[in-house]
Amino acid sequence: MPNKPSDFRYNTGPSRVPWAAVGENYNALDIIALIQFLIMKNDDEYDDVLKEVEAAIQKLSYHGKAPGKLSLGENVSLLEEKINEYLGTNNATFITNATAGFEIAYKYANLGPGDEVIAPAITFMATISYPLSVGAKVVFADVDPRTINMDPADVAKKITKKTKVIVPVHIGGWPVDMDPIMELAKKRDIVVLEDAAHAFGSVYKGKKIGTIGHFGAFSFHEVKNVTSFGEGGVLVSTLPFGDDLKKCRFLGLDLSKKIKNWLYDVVALEGKYGPFAAGNCSSTEVQALGLIQQMSRIHDIIAVRRKNAEYLTKRFEENEAIVPQLLDTEEIQSTYHLYLLQIDPKKLKGDIQNLKQKLEERGVTNIPHFAPLYKFNVLKRLGYNQEEWEKA
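Residues in the sequence shown are numbered consecutively from 1, following the working numbering.
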């Protein structure tokens, strides 16, 4: 039996191989199984990248920096330049994580008690944590059974006068059908926040995911295709407000404005319906260094994952009980952060546990993943009726 890769999130072993996940979400006959591929081709490649990062960190430590330059220094700026070049944006802002990016976008929409946010139930809790914290209502849209992404037709049915934000989640890196979402948002004057945590490099009709909606937030958590040393994220915006994203990152400090003899002023940010106060989600030079060294490898990383997906889909198509991951088309290109399976237990020879065991034997670690959000206790305590959203 091959060595089982460790789960980086829980430090279950010494292996440097990122975790793979096969989870299950019982909803009628479908079970969503999510497999994350190996990021590195081999240990030599891993070691080469690690040496580059270590050398850069040693240089940073050896020369020393003036106070404040270990956070939001020249490496953060360089990383943002590289990300802007890659995405075709001009305001990429490196922050602590994608969750912080969501919060900034929600604040721009002046989200508060009684307002509504439309999001899929199949996502990570970070997508809706801020709306819940301010008393907004989360309305769960149904997903397309083939892509497991938000269904634009159902989104149209869920929009009300209280809807302020729509959050398409590009689950596993597979792009949501964005054209109808943006059309709905334009007609109803609604903010679109792309949860692109899985989709740094995904493409929809020639446009990079995260650059289509009004905001796009990306994650560089340790399990993503590229990482900034465990945590990290980037926020971009297509709105004029994008010019103020960097003020949003650090409490609204504005060095271009001063109060008499003081060094700076702290300004309010102008949201869609009024001003708001910024928080602190500053990022470090060390985090930026880690990601800078990977920016030139993104194309190759995605190519390896695409090749793996093509192989898996070819093999899984041989089993009528399994509907495998969709593959790239002329208009849609995924990052393949996750490989999504839909399984019919009635057609499966054996049970789900047996399938998990077989995957374990082939070196794929299995963990439950992405239960529908309405099943979590926090939503029950906040008054969400599980039966109401059972099909979402």
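Since the hints were made in silico from the structure, they are not lab data. Fair warning: there could be bad hints in the mix.
As the list claims (entries may be wrong) - Listed next, the in silico DSS-like pairs over lysine-lysine satisfying Cα-Cα at most 30 Å (straight line):
hint, residue 1, residue 2
1, K51, K107
2, K391, K187
3, K272, K258
4, K258, K205
Claimed, not checked - Label-pair distances were calculated between CB atoms; the ranges are:
hint, residue 1, residue 2, range
5, D254, S133, 25 to 35 Å
6, Q386, S133, 14 to 24 Å
7, A303, K157, 31 to 41 Å
8, M125, A156, 21 to 31 Å
9, R381, E52, 26 to 36 Å
10, G230, S77, 19 to 29 Å
11, S77, L239, 14 to 24 Å
12, D265, L239, 15 to 25 Å
13, A303, K207, 30 to 40 Å
14, E361, E270, 53 to 63 Å
15, N354, Q386, 21 to 31 Å
16, G206, P275, 47 to 57 Å
Glycine is no exception: its CB is placed at the ideal position from the N, C-alpha and C atoms.
Hint check results:
For the hint linking K51 to K107, the alpha-carbon distance of about 40 Å lies beyond 30 Å, and the restraint is violated. Between the alpha carbons of K391 and K187 the distance comes to roughly 27 Å, so the proposed pair stays at or under 30 Å and holds. Between the alpha carbons of K272 and K258 the distance comes to roughly 25 Å, so the proposed pair stays at or under 30 Å and holds. Note on K258 and K205: the hinted pairing is violated, with a Cα-Cα distance of about 45 Å set against a maximum of 30 Å.
Checking the proposed 25 to 35 Å range against D254 and S133 shows it holds: the Cβ atoms sit about 26 Å from each other. The hinted range of 14 to 24 Å is satisfied by Q386 and S133, whose Cβ atoms lie roughly 21 Å apart. The hinted window of 31 to 41 Å between A303 and K157 holds, with their beta carbons roughly 39 Å apart. For M125 paired with A156, a C-beta distance near 26 Å keeps the hint of 21 to 31 Å intact.
Between R381 and E52 the CB atoms are about 47 Å apart, so this pair departs from the stated range of 26 to 36 Å. Checked against the given bound of 19 to 29 Å, the beta carbons of G230 and S77, roughly 21 Å apart, stay inside it. A C-beta distance of roughly 22 Å is found between S77 and L239, which places it inside the suggested range of 14 to 24 Å. At about 23 Å, the beta-carbon gap between D265 and L239 stays in the expected band of 15 to 25 Å.
For A303 and K207, the hinted distance range of 30 to 40 Å is not satisfied, since their beta carbons lie about 20 Å from each other. Checked against the hint of 53 to 63 Å, the C-beta distance between E361 and E270 comes to roughly 57 Å, which is consistent with it. The hinted window of 21 to 31 Å between N354 and Q386 holds, with their beta carbons roughly 29 Å apart. Our hint of 47 to 57 Å for G206 and P275 is violated, since their Cβ atoms are close to 36 Å apart.
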